[in-house]
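Following the hints, put chain H in place on chain X, whose structure we already have.
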Amino acid sequence: MSGENKKEWTPQELIAFEERVAALFNAAKIKAPVHLYYGNEEKIIEVFREIEEDDWVLCSWRSHYQCLLKGVPPEKVRDEILGGHSISLCFPEQRVFSSAIVGGVLPIAVGIAMGIKRSGGENRVHCFMGDMTSETGIAHECIKYATNHDLPIRFIVEDNEKSVCTDTREVWKQKTLTYEDGKNPRVVYYKYQTKYPHAGAGVRVQF
Amino acid sequence: MPMKYFDELSRAMDLLAANPRTYFIGQAVACAGTAMTNTLKNVPKEKLLELPVAEEMQMGMSTGLALAGYIPVSFYPRWNFLLLAVNQLANHLDKMPLISNGGFRPKVIIRTGIGSERPLHPQFQHVGDYTDAFRLMCPNIEIIRLEEPENIFPAYQKALEREDGKSTILVEYGDYYNEK
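Chains as they are written, first to last, in my numbering: chain X, 1 to 207; chain H, 1001 to 1180.
For the record, the hints were derived by calculation from the structure and aren't laboratory data. Hints should not be assumed to be uniformly reliable.
Claimed, not checked - For lysine to any residue, the following SDA-like pairs were computed, each having C-alpha atoms within a straight-line distance of at most 20 Å:
id, chain 1, residue 1, chain 2, residue 2
1, H, 1095, X, 84
2, X, 191, X, 203
3, H, 1095, X, 100
4, H, 1047, X, 119
5, H, 1047, X, 118
6, X, 76, H, 1099
As the list claims (entries may be wrong) - Taking beta-carbon pairs under 8 Å as the criterion, some of the chain H residues facing chain X (in silico):
id, residue
7, 1030
8, 1034
9, 1038
10, 1069
11, 1100
Stated by the list, open to error - Derived list of chain X stretches under chain H, where covered just means 3 residues or more per stretch with a C-beta under 8 Å from a C-beta of chain H:
id, segment
12, 79-90
13, 106-115
14, 135-145
As the structure is a computational prediction, the values presented were derived from the model and not from experiment. Ideal placement from N, C-alpha and C gives every residue a C-beta, glycine not left out.
Excised from the complex, chain X in its bound form (with noise of 0.2 Å):
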């Protein structure tokens, strides 16, 4: 893996980037989903900052900037997006796996972590998941373990306040989410407001 000619992103290029996606798909040139990131450009800049080149990073369904910042070229990454695998872009030479089921990474960020541990390495995890997933049973059995075992992992709660369309405080009756007070050294938690549906980019598109 080379990280020599690694591009640094700006959120405008990130944002742009996107708009690009956005145009391609209500264009019906993506026959697949996309999910599109806005609005938390500064602050996942802010998480990578932390994050090196032989260091894994796991994500959702909506993936395209951690693709872009972990140094993947863009160009692949459009690629892969035109080819319909928006939703689960995995590239194993920047170390980069995602999933479209809820949940999906959490567990396989947590045995990647052990394997480094038990190794003797000296890389990291970084697992990305919305405000929802961070509520799932799986979310606390995970962070919970990995906290305990004192794993070389970090979770990212990125929060949109929503999932698809349901609010995620309302639908489990609690004004904070579980892990938004910061205690957890574990957990880096950040809140945005994104332009764009939970899915497409806001034109019904007849394929």
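Okay, now just chain H, sitting in the frame of chain X:
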């Protein structure tokens, strides 16, 4: 004289334990608790990881360990317990080669069983045999039923040495510990 079912399982575990990449994980691997535990008596303690009861987490951890370079041997004493790990099995371990264009091919060895019915019948949540259903759900994972003692060692040897990147589920019969 041919070896018995239990002895062949123990011999297969010894084979796995001799590989530096294997790591045995699950409930009742480092602690006593199931018939399977007794087949691990020759496995070095540092290769045994006792886990909490968290079946889905265990299966995901198995996949993650494999991505990190290990060959995890993941224990689910009965099919009925493995049902709780289906998301990680069918949506992730089985599909990972597909969604990664063949880039990620984690090799996991999963040991499960059909609960014994004799002399005690544990009733209907412990004796399920879901081999056929799992073959439909997981076309990229090989599922091998261990029908006879002489099938056991070659099946584990294949699971360990295979280079096609596939994972293997090995299904044993609880009743055969006493009967074969």
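So, going through the hints one by one against the coordinates:
For the proposed pair residue 1095(H) and residue 84(X), the alpha carbon gap of about 16 Å is at most 20 Å, so the pair holds. For the hint linking residue 191(X) to residue 203(X), the alpha-carbon distance of about 25 Å lies beyond 20 Å, and the restraint is violated. Proximity of residue 1095(H) to residue 100(X) is assessed by CA-CA distance (about 11 Å); at most 20 Å being required, the pair is judged to hold. With a C-alpha separation of about 13 Å, the suggested pair residue 1047(H) and residue 119(X) falls inside the 20 Å cut-off, and the hint holds.
For the given pair, residue 1047(H) sits about 11 Å from residue 118(X) by alpha-carbon distance, which is consistent with the 20 Å threshold. With a C-alpha separation of about 15 Å, the suggested pair residue 76(X) and residue 1099(H) falls inside the 20 Å cut-off, and the hint holds. A least Cβ separation of about 14 Å between residue 1030(H) and chain X goes past the 8 Å threshold, and the interface hint is therefore violated. Taking 8 Å as the C-beta contact cut-off toward chain X, the hint placing residue 1034(H) at the interface is violated, the least distance being around 22 Å.
Below 8 Å, beta-carbon pairs count as interface contacts, and residue 1038(H) has none with chain X, the closest being about 25 Å; its hint is therefore violated. Hint on residue 1069(H) holds. Least Cβ distance to chain X is approximately 6 Å, under the 8 Å limit. Because the closest C-beta pair between residue 1100(H) and chain X is about 4 Å apart, less than 8 Å, the hint holds. Judged by the Cβ-Cβ criterion of 8 Å, the segment 79-90 of chain X is covered by chain H as claimed, because 3 of its residues qualify and three suffice.
Coverage of the segment 106-115 of chain X by chain H holds. Counting CB-CB distances below 8 Å, 10 residues qualify, and the rule asks for three or more. Counting residues of the segment 135-145 of chain X whose CB falls under 8 Å from any CB of chain H gives 4; the rule of at least 3 is met.
Checked against the numbered hints given earlier, this structure breaks hints 2, 7, 8 and 9; the rest are met.
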